[in-house]
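Protein sequences appear in the order of chains A and B. Its first residue numbered 1, the first sequence is counted upward by one per residue in the working numbering. Its first residue numbered 488, the second sequence is counted upward by one per residue in the working numbering.
Fair warning: there could be bad hints in the mix.
To be verified - Restraint-style ranges between C-beta atoms, simulated for each label pair:
{"id": "1", "chain 1": "A", "residue 1": "Ala421", "chain 2": "B", "residue 2": "Gly847", "range": "43 to 49 Å"}
{"id": "2", "chain 1": "B", "residue 1": "Thr557", "chain 2": "A", "residue 2": "Gln52", "range": "16 to 22 Å"}
{"id": "3", "chain 1": "B", "residue 1": "Ser692", "chain 2": "A", "residue 2": "Gly271", "range": "54 to 60 Å"}
{"id": "4", "chain 1": "B", "residue 1": "Gly561", "chain 2": "A", "residue 2": "Gly271", "range": "53 to 59 Å"}
{"id": "5", "chain 1": "A", "residue 1": "Ala456", "chain 2": "B", "residue 2": "Val522", "range": "47 to 53 Å"}
Keep in mind that the hints were calculated from the coordinates and are not lab data. Predicted model only: the values in this text are computed from it and were never measured. Note that the Cβ used here is the ideal one computed from N, Cα and C, for glycine as well.
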Amino acid sequence: MMAWLMAGLLFTPLAWAALSLLADFRAGWRLAWFGMALQATVAVLLWLAIAQEGGFYYPLGGWSAPLGIELRVDGLAVTFILMTATVATACGLHAGFYLDPDKPWQRYFWPLFWFLWAGLNGVWLGADLFNLYVGLELISLSAVGLVALGGAADALRASLRYLLAALVGSLFYLLGVALVYGQFGTLSLGGVAQLAGEHTGLPGAGLALALMLAGLALKTALFPLHGWLPPAHGIAPSPVSALLSALVLKASFYIAARLWLELGEPQGSYGVAQLMGGLGALAVLWGSWLACLQPRLKQVVAYSSVAQIGYLFLLFPLTWQVSEQVSQQAQQGMTLQVISHALAKAAMFLAAGNLILSTGSSRVADLAGVGRFLPFSLFSFGLAGVSLMSLPPSGGFAAKWLLLQASLASGQWWWALVLVAGGLLSAAYVFRIYRASFQEASGQDDFHHPPRRLEAIPMALALLSLGLGLAGDQVLSVMGLPFEEGS
Amino acid sequence: MVEDLWLNPWLPVMALATSMVAALVIFMLPEERHVLRTALNLGAAVAKLILVIVMVWGVFHGLEYQLSFTMLPGIEFELKADSLSMMFAGLSSVLWLLTTAYAVGYLENSPNRSRFFGFFSLCVASTTGIALAGNLFTFFLFYEMLTLSTYPLVVHRGTATALRAGRSYIIYTLSGGAVLLLGMAWLYAETGTLDFAPGGVVEGSPTPALTAIFVLLVAGLGVKAALFPLHGWLPQAMVAPAPVSALLHAVAVVKAGAFGIVRVISDVFGIGFASEAGLLLPLAGLAAFTIIFGSVRALFQQDLKRRLAYSTISQVSYIILGICLAGPLGMVGGLVHLLHQGIMKITLFFCAGNYAETLGVHRIDELDGAGPRMPATSVAFTIAAFGMIGTPPLAGFITKWTLGLGALEAELPWVVVVLLASSLLNAAYFLPIVYRLWFRPRSDAWPEEVRWGRLETLGWLLWPPVLTAAAVVMIGVFAAMPFSPLSWAELVVNREYRP
Numbered sequence: 001m002m003a004w005l006m007a008g009l010l011f012t013p014l015a016w017a018a019l020s021l022l023a024d025f026r027a028g029w030r031l032a033w034f035g036m037a038l039q040a041t042v043a044v045l046l047w048l049a050i051a052q053e054g055g056f057y058y059p060l061g062g063w064s065a066p067l068g069i070e071l072r073v074d075g076l077a078v079t080f081i082l083m084t085a086t087v088a089t090a091c092g093l094h095a096g097f098y099l100d101p102d103k104p105w106q107r108y109f110w111p112l113f114w115f116l117w118a119g120l121n122g123v124w125l126g127a128d129l130f131n132l133y134v135g136l137e138l139i140s141l142s143a144v145g146l147v148a149l150g151g152a153a154d155a156l157r158a159s160l161r162y163l164l165a166a167l168v169g170s171l172f173y174l175l176g177v178a179l180v181y182g183q184f185g186t187l188s189l190g191g192v193a194q195l196a197g198e199h200t201g202l203p204g205a206g207l208a209l210a211l212m213l214a215g216l217a218l219k220t221a222l223f224p225l226h227g228w229l230p231p232a233h234g235i236a237p238s239p240v241s242a243l244l245s246a247l248v249l250k251a252s253f254y255i256a257a258r259l260w261l262e263l264g265e266p267q268g269s270y271g272v273a274q275l276m277g278g279l280g281a282l283a284v285l286w287g288s289w290l291a292c293l294q295p296r297l298k299q300v301v302a303y304s305s306v307a308q309i310g311y312l313f314l315l316f317p318l319t320w321q322v323s324e325q326v327s328q329q330a331q332q333g334m335t336l337q338v339i340s341h342a343l344a345k346a347a348m349f350l351a352a353g354n355l356i357l358s359t360g361s362s363r364v365a366d367l368a369g370v371g372r373f374l375p376f377s378l379f380s381f382g383l384a385g386v387s388l389m390s391l392p393p394s395g396g397f398a399a400k401w402l403l404l405q406a407s408l409a410s411g412q413w414w415w416a417l418v419l420v421a422g423g424l425l426s427a428a429y430v431f432r433i434y435r436a437s438f439q440e441a442s443g444q445d446d447f448h449h450p451p452r453r454l455e456a457i458p459m460a461l462a463l464l465s466l467g468l469g470l471a472g473d474q475v476l477s478v479m480g481l482p483f484e485e486g487s
Numbered sequence: 488m489v490e491d492l493w494l495n496p497w498l499p500v501m502a503l504a505t506s507m508v509a510a511l512v513i514f515m516l517p518e519e520r521h522v523l524r525t526a527l528n529l530g531a532a533v534a535k536l537i538l539v540i541v542m543v544w545g546v547f548h549g550l551e552y553q554l555s556f557t558m559l560p561g562i563e564f565e566l567k568a569d570s571l572s573m574m575f576a577g578l579s580s581v582l583w584l585l586t587t588a589y590a591v592g593y594l595e596n597s598p599n600r601s602r603f604f605g606f607f608s609l610c611v612a613s614t615t616g617i618a619l620a621g622n623l624f625t626f627f628l629f630y631e632m633l634t635l636s637t638y639p640l641v642v643h644r645g646t647a648t649a650l651r652a653g654r655s656y657i658i659y660t661l662s663g664g665a666v667l668l669l670g671m672a673w674l675y676a677e678t679g680t681l682d683f684a685p686g687g688v689v690e691g692s693p694t695p696a697l698t699a700i701f702v703l704l705v706a707g708l709g710v711k712a713a714l715f716p717l718h719g720w721l722p723q724a725m726v727a728p729a730p731v732s733a734l735l736h737a738v739a740v741v742k743a744g745a746f747g748i749v750r751v752i753s754d755v756f757g758i759g760f761a762s763e764a765g766l767l768l769p770l771a772g773l774a775a776f777t778i779i780f781g782s783v784r785a786l787f788q789q790d791l792k793r794r795l796a797y798s799t800i801s802q803v804s805y806i807i808l809g810i811c812l813a814g815p816l817g818m819v820g821g822l823v824h825l826l827h828q829g830i831m832k833i834t835l836f837f838c839a840g841n842y843a844e845t846l847g848v849h850r851i852d853e854l855d856g857a858g859p860r861m862p863a864t865s866v867a868f869t870i871a872a873f874g875m876i877g878t879p880p881l882a883g884f885i886t887k888w889t890l891g892l893g894a895l896e897a898e899l900p901w902v903v904v905v906l907l908a909s910s911l912l913n914a915a916y917f918l919p920i921v922y923r924l925w926f927r928p929r930s931d932a933w934p935e936e937v938r939w940g941r942l943e944t945l946g947w948l949l950w951p952p953v954l955t956a957a958a959v960v961m962i963g964v965f966a967a968m969p970f971s972p973l974s975w976a977e978l979v980v981n982r983e984y985r986p
């Protein structure tokens, strides 16, 4: 049973990617229905199985660790797999209805979509540094392809910039991996962690960690390395923006977090931890501030991603040499933030896509009157905004509460101020959109109504992100102790 | 009749669900389904009122309705009906019914009604949640929900002034919420609990950290309670439609702030602890200042609703002043004003809305001769105004009398001086209006007169203020009867002091 589930999980995306390469957009879309249903079923079953029986190591193709590829299937990994399945299915469905099937480049959407999905699953399950690299590259390259999909000059420029950032990030990461291999002679995360714990103060290991973190920070668009993100996420078609903001950014962050939790204690330092947290805090403030100034709707949402990613980096100071309980709170908070941001941001980009579709303009100022004519998509946007503002009962609020507790309990009260200020700043840009759409100005009162099915998808995602806070305890109990090594 | 049924834990949830479900259905309704929407609104309001009456009866006989589940590790979502929560729930469910009826009439033939009534119901659902919250975490959840659901009501008209008022409202209230969250997180880190319990949950001796937490919590709640200097949003928000003003001033928003302060003082810190730590006297001073400040500012307002708004700032601080007297009588006076102020102020706002909708009158100097033209509305206004001043035997008198006794009991004679000064100021800004209504002849035409059949105004608009004005008289005259606001406040205080 388990073997079949794993096989289904890992190979359907690759198989579907290959199949859709042969098909045009419409055929790929029909094919995708079946693939997404399969992936979603497998993800749910696997999640249920792990919830009951706990995690395990899965040797790919029967070859075990030193020789073959071993995958780590634990509570956190299946939770992220389920999150990926939910968000990717929603974006896939939205894309199928939203994208214009007659544009010539569009036929590459489905293969890239499936490669991206395969890479994501690989990263969540990866247990050694090189496999994680392969997964990461698969994700980056398909993401760049998806941004370029429109074929317009702007899109190509944004995607080239994105490609450059992704490659430089990979380069740094790979250098770090090479140093680790030279130092320890193994790439398995568990093995490296064990050796690094025994031999502290190796200069090479510290450098390797710094290089890998820098590369991953660039890929995650951590301030001040975020310059590539807003153009890429803003120009892409809405379902693609949703995928990129909700999932792609999380993959590189996830690797950085795992590296830190395994290697941070022995090889990191107070300075590094505070630096990462400080950059995260600046990202929260700077990203939110810029989001308030953007004239275009999708740019607002894109800068909001820069800010929301910043919260995640508070994990670094809040898990470095603190008590077991604080570290656990911080990890739980981070995990809930990953999930709720994924759901809320996907909902927001999809809803923004609908709003743009119906007003025919991408400018915030042109939203006047939408509150009267298009309440449904605006409502989804608003509900997703509740999670981004981290107001209760959303998952964003639950995450913020846990991070607040962790920062107060570890005596690092300055992060608590950042969390509270960040919530207020995000309210500023979310309410800017509400305000624009409540305006009863003269002018346009002729809106194109997108079909209900396009409107239902973001609503479902927004409701999930809102309900996540109420079910926080259940979700966290399945995650178990995140990042805990089984052996 | 009063038994421990399996249904009991679900009653608070059902009370919450009535308006929540109504909101969801109303959002889905097409704009033109007026009759169905009105039926849903009134049906939900009546259902909630019945549920609250059942719970009031049960709580009176010593039952507790409670339901909880774990939201986050160590954090419970808890709904609980105790005597204090029933006070606020009772107020909001009675006034919601009346305000809904009023709003149906007020918004007849105006656009965006589905949106309006949807958020209106959400707003009342949040208020019910605030009343029934069994711990500070749950309270905060609904407190922020209230902020979000009132924003669309404040900006409902979509004009530049409305949007500006909405902006100031949201900046004030969300900042208040953030401060409250910080205080709450710190409280949890310090004490490890967020429960509400009679007599408080904070133990040990006063520390600077606990004082700081108290200041954060009260400052966060004080924004909604319009405590000086956090009151700036309230006069601006009066651009909203009259039913929304009624909601802001009497039913939901300022009351949520005042109720929260009562909860924090009596059920988190405990009156004993708070007064020993010397936290209450400075707050009492601030409340007294707000009372005088609001009244003085009200004197200088020429817009009727603006004058009423400043009057609210002044009146709500009576509640805070009462609880800060740190004695049973003072607390009774404060609590009873939670209800009295609500009923009196909603009457005044209904009447102001009637003058605006029927005669087009917004300014006080345009009111000359409105009494003979709209006798029922004007009688209601006059009764409520006299109630506010504190004329016996009306509701406001009961409040001021009890508060005065509480002040003497607490040996704080300056509070009595504040009460007297405030009554004089109330008279100074209400009596000129009453004089204009009844004793100044009308010389020219009304700015924008509308006629509706036989009655002086539309029935939907007329009956709510008439009923609440009657209530102002009744709860004053029959203050000693069981289930009157005064006896219920005494019940709450008895349970607080002898848990």
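Discussion item. Taking the Cβ atom of B/Thr557 and the Cβ atom of A/Gln52, is their distance within the range 16 to 22 Å?
Written reply: Once the Cβ atoms are compared, 20 Å apart, the range 16 to 22 Å for A/Gln52 and B/Thr557 holds.
Worksheet item: Within 54 to 60 Å or not, the Cβ separation of B/Ser692 and A/Gly271?
Response: violated (39 Å)
Fill in: Supplied distance hint 53 to 59 Å, evaluated on CB atoms of B/Gly561 and A/Gly271
This hint is violated: roughly 32 Å between Cβ atoms.
Worksheet item: Falls inside 47 to 53 Å, the C-beta gap from A/Ala456 to B/Val522?
Response: violated (28 Å)
Practice prompt. Hint says 43 to 49 Å; check whether the CB-CB distance for A/Ala421 and B/Gly847 agrees.
Written response: Holds - the Cβ-Cβ distance for A/Ala421 and B/Gly847, about 45 Å, lies within 43 to 49 Å.
When the structure is compared with the earlier hints, violations turn up for hints 3, 4 and 5 and for no others.
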